[in-house]
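K.L.:
Residue strings, one per chain:
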Amino acid sequence: MTTKTIANIKVEVTEEGYLIDSSVWNKEIAKAIAKEEGIELTDKHFEVIEFIRKKVAAGEGLTIRGIGKSGVVDAKTFYQLFPGAPLKKATKIAGVSKPVSCM
Amino acid sequence: MKKLLILGAGTAGTMMANKLRNKLSREEWNITIVDQFKTHYYQPGFLFIPFGIYTRADVVKPKNDFFPIGVNVVYSKIEKIVPEKNQVVLEEGVVLGYDYLLIATGTRTAPEETPGLKDKLWHKEIFDFYTIEGATALADFFKTWQGGELVINIAELPYKCPVAPLEFVFFADAFFTERGLRDKVNITYVTPLPGAFTKPRATKMLGELLKTKNINIVPDFTIAEVNNDEKKIIDYGGKELKFDCLVSIPTNLGSKLIDRSGMGDDMGFVPTDKHTLQSRDFKNIFVIGDAANLPTSKAGSVAHFASEILEENLLCAIEGRPYTANFDGHANCYIETGYGKGTLIDFNYDTEPLPGSFPFPGLGPFGLLKVTRTNHYGKLLFRWIYWHILLKGKKMPIDSEMQMAGKKL
Chain Z
0 MTTKTIANIK VEVTEEGYLI DSSVWNKEIA KAIAKEEGIE LTDKHFEVIE FIRKKVAAGE
60 GLTIRGIGKS GVVDAKTFYQ LFPGAPLKKA TKIAGVSKPV SCM
Chain L
0 MKKLLILGAG TAGTMMANKL RNKLSREEWN ITIVDQFKTH YYQPGFLFIP FGIYTRADVV
60 KPKNDFFPIG VNVVYSKIEK IVPEKNQVVL EEGVVLGYDY LLIATGTRTA PEETPGLKDK
120 LWHKEIFDFY TIEGATALAD FFKTWQGGEL VINIAELPYK CPVAPLEFVF FADAFFTERG
180 LRDKVNITYV TPLPGAFTKP RATKMLGELL KTKNINIVPD FTIAEVNNDE KKIIDYGGKE
240 LKFDCLVSIP TNLGSKLIDR SGMGDDMGFV PTDKHTLQSR DFKNIFVIGD AANLPTSKAG
300 SVAHFASEIL EENLLCAIEG RPYTANFDGH ANCYIETGYG KGTLIDFNYD TEPLPGSFPF
360 PGLGPFGLLK VTRTNHYGKL LFRWIYWHIL LKGKKMPIDS EMQMAGKKL
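Chains as they are written, first to last, in numbering that gives the first Met the number 0: chain Z, 0 to 102; chain L, 0 to 408.
Isolated chain Z, as found in the complex (with noise of 0.2 Å):
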């Protein structure tokens, strides 16, 4: 855990850059985290960070298949808004923690 000053907000993430604290997001973080990961957000990708926030908030499980069968975005659409690891990528934007791979 260390302290990591984004959009001139103090705030505590993960190793891996992943906010330790979900309340502590807004918009502005979104768009710092997204430029370090090289995205640019757009409206489309806030839909889909609302999604996922909303699941996370109600405790459920977030999955590439459960997002793009959700109706905001398809599969494809979503690996071409965050290139490479979308769910890993879209996650930390989003504020929420990494998804666990459960085997």
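Honestly, the hints are just simulated from the structure, not real lab data.
It is possible that part of the hints are untrue.
Okay, the calculated beta carbon distance ranges per label pair [stated by the list, open to error]: (1) Lys37/L with Glu39/Z: 55 to 61 Å; (2) Asn25/Z with Asp264/L: 28 to 34 Å; (3) Glu39/Z with Leu89/L: 54 to 60 Å; (4) Pro82/Z with Gly92/L: 48 to 54 Å; (5) Lys37/L with Glu14/Z: 51 to 57 Å; (6) Lys37/L with Asn25/Z: 56 to 62 Å; (7) Val59/L with Thr41/Z: 52 to 58 Å.
We put the beta carbon where it would ideally sit given N, CA and C, even for glycine.
Assemble chain L onto chain Z, guided by the hints.
P.N.:
Here is chain L on its own, set in the frame of chain Z:
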């Protein structure tokens, strides 16, 4: 007479039938188990079939051999569960009522979830080894294959027996080396995970093992489609990989019965309390094995450890006591690494696989995260244990709760 109904007579369901028939009085409790198939498959053995180590005969036995006296066995498809009425409807409209229901309907591979996977090359140059049909078709293919790009791809998480694809590539390395073909076979392990496994230490150890065996790894690859004409797999980001032989671990989903009953999550697994094993939505329904949405491995060892917890908690529920057993997600996997050796991992919800010795601290005989000959014999011995001890619900000399003794932090 009160009724206990078990759906699914695979590893988990069969173990529970045996355990509970021992515990519940025959004067008071009627136990019924339902399954559509009469053959029991030793699924850990499927991995050995493509390499000619086991044949079909080594992994099948009649289910009837494993049920105790005093359990009613019904071979039928199940139409749906109606939990509000405590009823299960079978295929021909037969209705079974229950006081307690155990769901043990497992998971199934669903290659149709990936466009192009189950297409014209299916079981010709594209195979799975999680079904008897796929494993035997691949065995036939390997008999005469002269080499090329061998690609192993995991479609999606979670999937059954998470170490099996790694064991597959380790076996493939040894198999083609022994046949003098290894320089003609390029082996690539393609996974949606960021590395060889999920947890740090096992990922490092297994990743290094892949490297020493000259097996390529392509991480962070989530397959979108298979192109049969150009023989390549394509991920959602547009990354492409050519194959001459594709071995797929298709998407795993829960039983269709769960969907029909409206009781599953988006993959058809039943929401289950990860510590008590009670269904999240219904007090008199418990879920065991791969059918549950527990955040641990889908594997026989997990079902085995969970069976001891479930036995205790079900008795608590029946007698109206608070639950006394708490499942920790314990999993224990022997991993074949080829050339008569193997490694072993032991972990749970909270503790990642650590190095050490198992089950006796300092003594072993098995080595955790170490490649040894004894570990390999452990795996081979397990088939006998499975048929003769585990399925019959007899006590094993291993704690259901994961032990820290013998592990090194």
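K.L.:
Each hint should be assessed against the structure and marked as holding or not.
P.N.:
The hints, checked one at a time:
At roughly 59 Å, the beta-carbon separation of lysine 37/L and glutamate 39/Z lies within the given 55 to 61 Å, and the hint holds. Range check, asparagine 25/Z to aspartate 264/L: about 31 Å between beta-carbon atoms, so the 28 to 34 Å window is met. The given range of 54 to 60 Å is respected by glutamate 39/Z and leucine 89/L, whose C-beta atoms sit roughly 56 Å from each other. Remark: the range hint 48 to 54 Å for proline 82/Z to glycine 92/L is upheld by a beta-carbon distance near 52 Å.
Roughly 52 Å separates the CB atoms of lysine 37/L and glutamate 14/Z, a value that falls within the hinted 51 to 57 Å. Distance hint for lysine 37/L and asparagine 25/Z: a CB-CB separation of about 60 Å, consistent with the stated range 56 to 62 Å. The hinted window of 52 to 58 Å between valine 59/L and threonine 41/Z holds, with their beta carbons roughly 55 Å apart.
In this structure, none of the earlier numbered hints is contradicted; all agree with it.
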